[in-house]
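Asks: Turn these sequences into a full structure, and let the hints guide you.
Quick note, the sequences are listed as chains A and B, same order.
Per full-length UniProt numbering, the very first residue in the first sequence carries number 1; after that it's consecutive.
Per full-length UniProt numbering, the very first residue in the second sequence carries number 1; after that it's consecutive.
Among the clues, some could well be false.
With the Cβ distance kept under 8 Å, some of the chain B side facing chain A (calculated, not the full set) [unchecked claim]:
{"id": "1", "residue": "A36"}
{"id": "2", "residue": "P118"}
{"id": "3", "residue": "V136"}
{"id": "4", "residue": "L150"}
{"id": "5", "residue": "V156"}
{"id": "6", "residue": "M158"}
{"id": "7", "residue": "L162"}
{"id": "8", "residue": "V164"}
{"id": "9", "residue": "R170"}
{"id": "10", "residue": "G171"}
{"id": "11", "residue": "V174"}
{"id": "12", "residue": "R185"}
{"id": "13", "residue": "A189"}
Residues of chain B placed beyond 12 Å of chain A at every Cβ, according to the derived structure [unchecked claim]:
{"id": "14", "residue": "A16"}
{"id": "15", "residue": "S55"}
{"id": "16", "residue": "A68"}
{"id": "17", "residue": "A78"}
{"id": "18", "residue": "D85"}
{"id": "19", "residue": "A86"}
Hints were generated in silico from the structure; no laboratory data involved.
Nothing here was measured: the structure is a model prediction, and the numbers come from that model.
All C-beta atoms in this analysis are idealised placements derived from N, C-alpha and C, irrespective of residue type, glycine included.
Number of protein chains: 2
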Amino acid sequence: MTSSTPHPAACSPGPARRDAEATKAAIVRAARHLLARHAHTDITLKAVAERAGVSPPLVLKYFGSKDALFAQVLSFEADAEAVLDAPLEGLGRHMVQHLLTSQAERGADPILRIVYAPLHREHGYVLRSNFRTQVVRRLGERLPGPDAGLRAELAVGMLLGLGVMYGIARGPHVRSTAIAEITDRYAPAVQACLTPPE
Amino acid sequence: MTSSTPHPAACSPGPARRDAEATKAAIVRAARHLLARHAHTDITLKAVAERAGVSPPLVLKYFGSKDALFAQVLSFEADAEAVLDAPLEGLGRHMVQHLLTSQAERGADPILRIVYAPLHREHGYVLRSNFRTQVVRRLGERLPGPDAGLRAELAVGMLLGLGVMYGIARGPHVRSTAIAEITDRYAPAVQACLTPPE
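Replies: Structural data, given as C-alpha cells:
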C-alpha cells in the first residue's frame with residue numbers, strides 16, 4: 001500500500017529504528033501476555049507473532065530464537081531500573097507511584113510477572129532467580145542499616161501485593177481511587193522498610 | 001489387605017468419618033496444586049485423583065462432579081474464616097502470622113490462590129468474584145471509619161504480597177527469619193490499614 005500523504009513520523013529522524021523498537025516492544029508484550037496464561041513449553045513463536053501482529057520470521061529477525069526472546073522476557077533488568085530509579089528518601093513513593101501508573105496505563109506492572117513462576121517449571125526457576133538478583137538484591141544493596149536483605153524483601157513484597165490487588169484481584173476501590181491518594185496511604189509502609197524510622 | 005494389629009486410629013471414635021475428611025482434604029489440595037500450574041480445562045479428574053493418591057470414582061463419590069469439586073476449590077470461604085478470625089485490634093498480627101504459618105507448614109497460604117486467576121479465564125472470574133466477596137468485602141465490613149473498602153483492599157494487598165514473596169519468589173530472608181520477627185515488622189503496616197492511627 002502506498003500513500004501520497006507523508007506520515008508525520010517519516011519526517012523526523014530515525015523512523016525505521018523507532019519502528020523497530022516499537023515492534024520489538026510489542027513482541028515482548030505479546031510474549032509476556034501469553035506467559036501469564038500458558039506454560040512456557042506450550043507457547044509457539046507463531047502465537048507470539050500473531051498476538052504482536054507481526055510475522056514469525058520477523059520475531060526471529062529481531063530476537064534470533066524463541067529461547068533468546070524468552071530470555072529477554074524473563075529478565076527484570078529494565079523494569080528494575082525504572083522502578084528503583086529514585087533517591088532513597090523518596091523511593092517508597094516512587095515505587096508505589098510507578099507501579100500504579102504502569103498498571104493504570106499498560107495493564108501490567110514492572111514486577112508482577114514473578115507470580116507466574118509456578119507455571120513455568122525450569123523457566124520459573126530462571127524467573128525467580130532473575131527477580132531475586134535484579135530486583136530484590138539490587139534494592140537491598142542500596143539500603144543502609146541492619147537486615148537490609150530482609151527489609152528489601154518486605155518492601156518488594158508490599159509492592160507485589162499492591163500489583164496483585166490492582167491487576168489480578170482487580171479490587172474496585174484501588175482501581176477507582178486516584179493514584180496520588182493510594183500512594184499517600186501505601187508508600188509510608190514501603191518507605192518504613194527502606195529507611196526504618198527511629 | 002488385612003492385619004491382626006489394630007491401627008491406633010481404629011480405636012478412637014469415628015475413624016471412617018475422619019478418614020473421609022482427610023481424603024477430601026487431600027483431593028482439594030491436589031486440585032489446588034494443579035490449578036496453580038495448568039489451565040482449568042486441561043485438568044482431568046484422573047490427574048487430580050492420581051495426585052491425591054485415590055481413584056477417580058472416589059473423587060466423584062465425594063464431590064459429585066468435576067464442576068462441584070472445582071466450585072469448592074475456587075471458594076475462599078473456609079480460608080477467610082481462618083485468616084480473619086481475630087478481634088480487630090489484633091487482626092493485623094493474626095493475618096500475618098496465619099499466612100506465614102500456613103506457608104511454612106503447608107507450602108501455601110489462605111489467599112495466594114487468587115494470583116492464578118489469569119490462568120483460568122471464566123473460572124478466573126469466579127475466583128476473583130469469590131475473593132472480593134468472601135475475603136475483601138468481609139474484612140471491609142468489619143472496619144470502622146471512612147474508606148473501609150479501600151483500606152480492606154490495601155490490607156489484603158499487603159498480605160498477598162508477603163505470600164508472593166514467601167511462596168512464589170521464595171525470598172531467602174523471609175524464609176529463614178522467625179515468623180514472630182516478620183510479624184513484628186510487617187503487621188503494623190497491615191494494622192494501620194485496619195485501624196488507622198490518629
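Asks: Against this structure, judge whether each hint is valid.
Replies: Right, here's what the structure says about each hint:
1. A36: 5 Å, holds
2. P118: Where the cut-off is 8 Å and the nearest Cβ of chain A is about 5 Å from P118 (chain B), the hint holds.
3. V136: V136 (chain B) check passes; min Cβ-Cβ to chain A is 7 Å, inside 8 Å.
4. L150: 4 Å, holds
5. V156: Constraint on V156 (chain B) satisfied, holds at 7 Å.
6. M158: 5 Å, holds
7. L162: Since chain A brings a Cβ to about 5 Å from L162 (chain B), closer than 8 Å, the hint holds.
8. V164: 5 Å, holds
9. R170: Result: holds, 6 Å to nearest chain A Cβ.
10. G171: Holds: closest Cβ of chain A sits about 4 Å from G171 (chain B), inside 8 Å.
11. V174: It holds, given that the least Cβ distance between V174 (chain B) and chain A is near 5 Å, below 8 Å.
12. R185: Status holds, d = 6 Å.
13. A189: With a minimum Cβ separation of about 4 Å from chain A (threshold 8 Å), the hint on A189 (chain B) holds.
14. A16: The claim holds: A16 (chain B) sits with its nearest Cβ about 35 Å from chain A, beyond 12 Å.
15. S55: Consistent with the label, S55 (chain B) stays out of reach of chain A, its closest Cβ about 27 Å off (over 12 Å).
16. A68: Correct as stated: the minimum Cβ-Cβ distance to chain A is 24 Å, above 12 Å.
17. A78: 18 Å, holds
18. D85: 21 Å, holds
19. A86: 20 Å, holds
No hint from the list above goes unmet by this structure.
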